[in-house]
Amino acid sequence: MRFLVVDDSATMRRIIVNSLDRIGYQDVVEADDGASALSKFAEGGINFIITDWNMPQMSGLDFARNVRARADGASTPILMVTTRSAREDILAAVEAGVNNYVLKPFTPPVLKEKIDAVLSVSAAA
Amino acid sequence: MATLTIDDAIAAFVACEPGDEAARRKLRERLWTLVADRSLASPIRTALADAIAVLDDPAEFKGAKEADGLEKVRQALEVAVDHAECGDRAVSEPEVPSVPKEFVPEAAVARASTMLLAIPDDADRSLIEDFIAEAREYLEGAEAALLRLESAPDDGEAINDVFRAFHTIKGTSSFLGLSAIAGFAHHAEDMLDRVRAGELAFAGQVPELSFRAVDLLKTLVAAIPQALAGHAPELPDEYEPLSHALSHPEEAAAPRARTVESEGGSAPEPSAADHAPDHAPVVMRAGTAASVPTADPLVKVRTDKLDRLVEMVGELVIAQTMLVQDGVVRDASNHHLAQKVRHADKIVRELQDLSLGLRMVPLKGAITKLARVVRDLATRSGKQITFTVAGEDTEVDRTLVDLLADPLLHMVRNAVDHGIETPSERLKAGKPAMGTVRLEASQAGDRVLVKLIDDGRGLQRDKIVAKAIEKGIITSAESMSDTEVFDLIFAPGFSTAEQVTEVSGRGVGMDVVRRNLMAMRGRTVISSKAGKGSVFTIELPLTLAITDGMIVRVGAERFIVPTAQIRRCFRPEPSAVFTAQGKGEMVQTAGEVLPVVRLHRALRVVGAQEGVDQGILMVVGDGNNRTAFLVDELLGQQQVVAKPLGDAIGRVQGLTGGAILGDGRVGLILDVDELVVASRGTSSATGVQAA
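Residue numbers (this note's numbering), protein chains in the order written: chain A, 1 to 125; chain B, 1 to 691.
There's no promise every hint is true.
Partial list, computed: chain A residues near chain B (C-beta under 7 Å) [unchecked claim]:
#1 Ser9
#2 Asn54
#3 Ala86
#4 Arg87
#5 Ala117
#6 Val121
Listed next, with one range per pair, are the computed distances between beta-carbon atoms [claimed, not checked]:
#7 A:Glu95 to B:Gly357: 32 to 42 Å
#8 A:Asp62 to B:Asp446: 45 to 55 Å
#9 A:Asn18 to B:Asp446: 12 to 22 Å
#10 B:Ala64 to A:Asn18: 32 to 42 Å
#11 A:Ser120 to B:Arg38: 13 to 23 Å
Hints listed in this document are in silico derivations from the structure and should not be mistaken for laboratory results. We put the CB at the ideal spot given by N, CA and C, even for glycine.
Sequences and hints are given; from them, build the entire structure.
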């Protein structure tokens, strides 16, 4: 299973990649903004996307919309990393096609739980 | 396929026994699935989203609050069920009671008075180091954006930049156990979020609070290494009051805005009025610092008074030197007198340091606006550039800060325009698309170093040579070293002022930049590596009030040469000196050939040594201007206070002024730059003429 981790903060990417490593996922592609993430996604082979919400130029929401607009991106699970959970945020994320989101700070087990939750729902669908 | 219904959610809710976190998480995931189900009516999804928001907030379920948290979830679910049962019927309540928006995770807010570094044992220290570097960059970015907002408070992108800095720092620091930072950044983020949402204008107290928040975060981040070493410092006094002010910016803003209104009467642009536009950004920042309640009281002093004080202290130092060097005192036959003189000497030196310190200001003022220049230039040329600054707190004499503005602007402009490549060129060269320009200021002894480092393509020898030939500065570069070629960019006529004005509005050529720097007894050095980038270094004295001088003898006269301008001194072999066709006298030394200036001829002094090998050659100047001055003898070094020669004498070519030497006599200070230029004008065949 190959992950695409998108975050403009290199430290944050390291944290996510380390967490993924702890829960047994080593195959990770990184991108530091939405545009390069899209081109990495277009190269194919991405099974799961973890993206930051607030990024310069292209926000995580716009990135998610862009992925969903692609023929090969309609069903790729997208997990959003965010720091806030308010009604509007949740609705906006859902509208953009985000499958779930995880609040910072999270521990590797929490990340695993979220990933599993997303995978089980998309498997059921 | 909506296999899940609200009933399933209710079932999951009922299963939530107090303390059962797993059950709550299960409920939350079910709710999420429902929210994502677009077949449900939007009020239902909204209510369910409220329930998720509560469940996602750890603060809602902390200890005794858990029951309250569950009650909030229940209420939200009830609203959802109501909507589901009523269909589209208008509900009596116009809006679903929103979950309180301020869900500041109390857990994340530091309560203790120290840095609170709960770093897990297995934490990756290098990760924290990365965070420190990254946080600094974000804060620099936020600062630059705030400066942009000073002139354009409606710049949405700038607001976003500031918000993102706080946001990212909050998010990342929360992972690293840096709860004091996470908690504070949260308050700052909240305020900016309200600005972003249009709830709060970027006016009144908001800009000031934002600047202070950036400053405080810088302080907190800077304290991490100390905390890592086990000496967690106290939180700054400002921490609590500023956190509070960030959460309630209107409290401070409201009265101020009202005052402006009532006084201004018809003030039609409240945002501009709130904004105190008569203050330059830097001044506003200084005011910010002064308004911190813990700061020491300040007194305003006219700068001319300050200058006079520094000047008089300089005189005192000279008088003291004369006293110490007096034969009677030096004899030391009178032990008591010698002791008293030493005591006075110590006090005078301390007074000198103190008075010079009064005029010292941080370089920040000259540096902060550069961030904006970089940004503007980069945007215009389609380049991506990160601009970072280090050492902006380095202090120099106030008079030098203003004089540094032009040279810095030039250096930065050069780096952005000619140094950093376009993103596509960079990617092709195997570099990241984002270029970096870094400004580093530091103090080395009594000198200040300002370095501008870029990771661009480096200076291109071929292009410089071609342009120099085109401009008629050189005819061929065959025998020139890279350093000599790079130095051509400082030659008169190489760069033109007109290129600069479009950006800065007040530009001068590179030759003028170097001349101004030399007048301040500064120097410029360029180093560059093709494909890797360039480093421009400006070196300046900390102050112009006192000059370190080398006293030299030419004939019967004594002259003072500013030590900073002397590269080295040597006694030449007779065979090393020769006369080149059309270039006058030259000396070969340490692999370079330099023109020789016989000071006694240039200054028309009689009785000096004629044989070059009988005197001392003193190498002065930078780059292509390096020249060897012939003097008879080096007499020693002394700190002098430079004085103009006075109206009666007027300006004399080759001299900048005079100073009283230790023995009470006057020595003349050489204008090294002018002497070099004058010698080129008369002896150089290529004719480097100042424009």
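Right, here's what the structure says about each hint:
For Ser9 (chain A), the shortest C-beta to C-beta distance to chain B is roughly 5 Å, which falls under 7 Å, so the interface hint holds. Interface restraint check: Asn54 (chain A) against chain B, minimum CB-CB distance 5 Å, threshold 7 Å, status holds. Hint on Ala86 (chain A) holds. Least Cβ distance to chain B is approximately 5 Å, under the 7 Å limit. Against a cut-off of 7 Å between C-beta atoms, the interface hint on Arg87 (chain A) holds, since the closest Cβ of chain B lies about 4 Å away.
Contact between Ala117 (chain A) and chain B, as hinted, is supported at the beta carbon level, the nearest pair being about 5 Å apart and thus within 7 Å. About 6 Å separates the beta-carbon of Val121 (chain A) from the nearest beta-carbon of chain B, less than 7 Å, and the hint is met. The hinted window of 32 to 42 Å between Glu95 (chain A) and Gly357 (chain B) is violated, with their beta carbons roughly 60 Å apart. Under the hint 45 to 55 Å, the C-beta atoms of Asp62 (chain A) and Asp446 (chain B), about 54 Å apart, fit the expected range.
Evaluation of the 12 to 22 Å hint for Asn18 (chain A) and Asp446 (chain B) yields a failure: the beta carbon distance comes to about 47 Å. In this structure, Ala64 (chain B) and Asn18 (chain A) meet the distance hint of 32 to 42 Å, their C-beta atoms being roughly 35 Å apart. A hinted range of 13 to 23 Å for the beta carbons of Ser120 (chain A) and Arg38 (chain B) is consistent with their spacing of about 20 Å.
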